[in-house]
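Protein chains in written order, with the numbering used here: chain S, 1 to 115; chain A, 116 to 228.
Check each hint, because a few of them may be wrong.
[Said to hold, decoys possible] So these bits of chain S aren't anywhere near chain A, every CB distance computed over 12 Å:
#, residue
1, Thr9
2, Asp18
3, Arg28
4, Glu44
5, Phe47
6, Leu48
7, Ile60
8, Asn67
9, Ser87
10, Thr104
11, Thr107
12, Lys110
13, Gln112
[To be verified] Only pairs whose alpha carbons sit at most 25 Å apart, straight line, appear in this in silico DSS-like list of lysine-lysine:
#, chain 1, residue 1, chain 2, residue 2
14, A, Lys129, S, Lys16
15, S, Lys70, S, Lys102
16, A, Lys129, S, Lys3
17, A, Lys172, S, Lys3
18, A, Lys172, A, Lys124
19, S, Lys110, S, Lys16
20, S, Lys70, S, Lys38
21, S, Lys110, A, Lys172
22, A, Lys129, A, Lys159
23, A, Lys159, S, Lys38
24, A, Lys129, S, Lys38
25, S, Lys110, A, Lys124
26, S, Lys102, A, Lys129
To be clear, the hints were calculated from the coordinates, so they are not data collected in a lab. None of these values were measured; they are calculated from a predicted model. A virtual CB, placed ideally from N, CA and C, is assigned to each residue, including glycine.
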Amino acid sequence: AQKVTQAQTEISVVEKEDVTLDCVYETRDTTYYLFWYKQPPSGELVFLIRRNSFDEQNEISGRYSWNFQKSTSSFNFTITASQVVDSAVYFCALSEEGGYQKVTFGTGTKLQVIP
Amino acid sequence: NAGVTQTPKFRILKIGQSMTLQCTQDMNHNYMYWYRQDPGMGLKLIYYSVGAGITDKGEVPNGYNVSRSTTEDFPLRLELAAPSQTSVYFCASYRGGATDTQYFGPGTRLTVL
């Protein structure tokens, strides 16, 4: 069975600080997919990234970066120079299939960026 | 493109009533999904579809039904609503490529009293 753990329930940082959101996963498959989603206070869901288990390269997109480490079963998300607009709940998720059919979500980390 | 649209945005049902949550996407995506999000939790997959005429159960399908007669529409039917179905429901779609983005609708907040 697959499982995603986001141990940090809530994090508060001051604007411009860097922050890392942790995600640890469990799966028996050698092929799997990892995701991050953002849910702002307005409630909508925004897909951020999808990464397959064969691609361990770190990903950077603007102020966002993701560190995938198979050895520790982690897929951590870092926001550099945080901004108030980054305040949201962030979900990490795992799928053992290529699509989004069997995705298991973590319980989310609420990030508050204080001006 | 409107993306993924959902109606209604809010609904209150009485126990035992039925309703259909509508979901439409205008991106010609093959894959569509229905999720529910309970307070303080991540999403759980209810049903999904890989194309018109093809649907399958997700993690929590009991109490729900779906159909996919067209590529654009993927309605979710609640029969005999129960308080346990109080949740926020999200519809999503995805074209199907290895790096394609999944798009979400704005959600429907359903309360069953």
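Evaluation of the provided hints:
Distance check for threonine 9(S) against chain A: the nearest CB is about 9 Å away, which does not clear 12 Å, and the non-interface claim fails. Residue-level check passed: aspartate 18(S) sits 24 Å from the nearest beta carbon of chain A, beyond 12 Å. The Cβ of arginine 28(S) sits about 17 Å from the closest Cβ of chain A, beyond the 12 Å cut-off, so the non-interface label holds. Not every C-beta of chain A lies more than 12 Å from that of glutamate 44(S), the closest at about 6 Å, which undercuts listing it as non-interface.
Not every Cβ of chain A is farther than 12 Å from the Cβ of phenylalanine 47(S); the closest lies at roughly 5 Å, contradicting the non-interface assignment. Annotated as non-interface, leucine 48(S) brings its C-beta within 12 Å of a C-beta of chain A; the closest such distance is 9 Å. The Cβ of isoleucine 60(S) lies farther than 12 Å from every Cβ of chain A, with a closest approach of about 16 Å, so its non-interface assignment holds. Consistency note on asparagine 67(S): stated as away from chain A, and its beta-carbon is indeed over 12 Å from all of that chain's, at 19 Å minimum.
Every Cβ of chain A is farther than 12 Å from the Cβ of serine 87(S); the closest lies at roughly 17 Å, confirming the non-interface assignment. The claim that threonine 104(S) is not at the interface with chain A is violated, since a C-beta of that chain comes within 12 Å of its own (minimum 8 Å). A Cβ of chain A approaches the Cβ of threonine 107(S) within 12 Å, the least distance being about 6 Å, so the stated non-interface status is violated. Non-interface status of lysine 110(S) relative to chain A is broken: a Cβ of that chain comes within 12 Å, the nearest being about 9 Å off.
With a minimum CB-CB distance of about 15 Å to chain A, glutamine 112(S) clears the 12 Å threshold, and the non-interface call stands. Using a Cα cut-off of 25 Å, the hinted pair lysine 129(A) and lysine 16(S) is violated, with the two alpha carbons roughly 47 Å apart. Proximity of lysine 70(S) to lysine 102(S) is assessed by CA-CA distance (about 20 Å); at most 25 Å being required, the pair is judged to hold. Between lysine 129(A) and lysine 3(S) the alpha-carbon distance is near 34 Å, which puts this suggested pair outside the 25 Å criterion.
Using a Cα cut-off of 25 Å, the hinted pair lysine 172(A) and lysine 3(S) holds, with the two alpha carbons roughly 19 Å apart. Note on lysine 172(A) and lysine 124(A): the hinted pairing holds, with a Cα-Cα distance of about 24 Å set against a maximum of 25 Å. Under the criterion of a C-alpha separation no larger than 25 Å, the hint pairing lysine 110(S) with lysine 16(S) is consistent with the structure, at around 17 Å. For the given pair, lysine 70(S) sits about 23 Å from lysine 38(S) by alpha-carbon distance, which is consistent with the 25 Å threshold.
About 30 Å separates the Cα atoms of lysine 110(S) and lysine 172(A), which puts this hinted pair outside 25 Å; it is violated. Annotation: proposed proximity of lysine 129(A) to lysine 159(A) holds, straight-line Cα distance about 23 Å (limit 25 Å). For the hint pairing lysine 159(A) with lysine 38(S), the CA-to-CA distance comes to about 16 Å; that is within 25 Å, so the pair holds. In summary, the hint linking lysine 129(A) to lysine 38(S) is not supported, as the alpha carbons are separated by about 32 Å, beyond the 25 Å threshold.
A distance of roughly 24 Å separates the Cα atoms of lysine 110(S) and lysine 124(A); the hinted pair therefore holds under the 25 Å criterion. For the suggested pair lysine 102(S) and lysine 129(A), the alpha carbons sit about 31 Å apart, so the restraint of at most 25 Å is broken.
Comparing the model with each numbered hint stated earlier shows that hints 1, 4, 5, 6, 10, 11, 12, 14, 16, 21, 24 and 26 do not hold.
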